[in-house]
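Chemist: Spelled out from the first residue to the last, the chains are:
Number of protein chains: 2
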Amino acid sequence: MEKRDESSVKLVGFWVSPFVHRVRWALKLKGVEYEYIEEDIFNKSPLLSELNPLYKKVPVLVHDGKPLSDSSIILEYVDQKWRSNPLFPDDPYQRAQAHLWARFADEKVLESAWLALCSEGKTQERAVKQAIENLEHVEEKLKGKRFFGGDIIGHVDLMMGFISYMLPVWEEVGGVKILDPHKFPAIAAWTNNFLNHEAIKAEYLPPTAETSTYFQWRRKELIPVYASYGQ
Amino acid sequence: MEKRDESSVKLVGFWVSPFVHRVRWALKLKGVEYEYIEEDIFNKSPLLSELNPLYKKVPVLVHDGKPLSDSSIILEYVDQKWRSNPLFPDDPYQRAQAHLWARFADEKVLESAWLALCSEGKTQERAVKQAIENLEHVEEKLKGKRFFGGDIIGHVDLMMGFISYMLPVWEEVGGVKILDPHKFPAIAAWTNNFLNHEAIKAEYLPPTAETSTYFQWRRKELIPVYASYGQ
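So the protein sequences, as listed, match chains A and B.
This note's numbering numbers the first residue of the first sequence as 18 and each following residue consecutively.
This note's numbering numbers the first residue of the second sequence as 18 and each following residue consecutively.
Please keep in mind that the hints were generated in silico from the structure rather than gathered at the bench.
Because the structure is a prediction, the values reported are computed rather than measured.
Keep in mind that the hints are not guaranteed to be accurate.
In this list, chains with the same sequence are indistinguishable; a pair is considered to hold if it fits within one copy or across any two.
[Claimed, not checked] Straight-line distance between alpha carbons at most 25 Å, and here's what the computed PhoX-like set of lysine-lysine pairs gives: (1) K125 / K74; (2) K125 / K162; (3) K146 / K74; (4) K83 / K162; (5) K125 / K73; (6) K160 / K73.
Take the sequences, apply the hints, and build the full model.
Modeler: Here it is, written out as structure tokens:
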């Protein structure tokens, strides 16, 4: 008898994508078993267009045969379907605040850090300045707390997770300094708490050497693309 | 005795902002009374920085003295606090899909239409092409339906609402054609359903002449800024 797909969980990802790592962490926290499918994002499969016609991007979660995209939206869905280790607070205002910080992670922190990786000269100087300003807000938010929501890991931690392991690689590859631990002691403490959380430790992260090689290549390719960005 | 502020609803907005109009519509749908505070976004008040330190943008909803920003996040909060006329479906998958289309409204549809308004030449041609491609997805989604979620107005309709009344002004000011009713009959039908919905009809929208004058000025100011965008 053929195995039926309807109650399965599949994740379409790309090994070095910080957006995909968020979903892997969430599924690990929830104890959900899934099949991982690696997508070549530089030579996209027809499957990806079919599963995510609006964006054609990873990650895509396929649950009970139904596809869902966007890491933040997937995390909220996963939290509603599997209730152990809740990622969001119940209170509507606290919940809305978590959504706001999650957006800030993508639209501001990741955006400015990515530009710092993929630029040089004045554009890079501006990007580094913006990344530091964004992290000042994060530092303020984290002060005196173990995780963004307090004692327990949650949605904002997973959304900001790239700060802990990927941003240091981007700094090195881009030849910039953003994450000064003297300037950002609360972020440094959180990084430690985050990477030592048992669900995060247990999940796959790509080796630093391969990650570094990959982003050296991306930096080289993207410098001309971002050369006039914001000028 | 001084009037206490804790149970009040205030909305900080800007008269012509499509992001603010979404919140006004949601509050009208829910029957929530509120105080509207107009912000001069070109000469921002200290109040705005205090209420929205991460983005310093409108809209900001202040409920029980607590501020909240980002139109999509505000809409979800409003829906959770006032349960009449639900804006979201209950089913987690349908809910996630609504979030996805709401993101598509901002990140793709509005973004490309805005660029078409604020550019010229090759940049504008590309933006118009992208806007039309984005609307092809919207057309497909709306086919055979009164509103995005079916028979009842909801979150995605409010997020896409700018297509109905503001995009035509942008087309005229930008001197471009995007919304061809022969190409997009489902969007044309939805526009009619949307603008004739009693909550939308009852809510303030800025007069077309003033809106047009405002965006003529914005177009002129922003053409140099976007001149090299995406090149």
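Chemist: So, for every hint listed, does it hold in this structure?
Modeler: How the hints compare with the structure:
no. : hint        : result
1   : K125 / K74  : both (20 Å within a copy, 14 Å between copies)
2   : K125 / K162 : within (22 Å within a copy, 36 Å between copies)
3   : K146 / K74  : between (29 Å within a copy, 20 Å between copies)
4   : K83 / K162  : between (37 Å within a copy, 21 Å between copies)
5   : K125 / K73  : both (22 Å within a copy, 13 Å between copies)
6   : K160 / K73  : between (38 Å within a copy, 22 Å between copies)
The earlier numbered hints are all upheld by this structure, with none contradicted.
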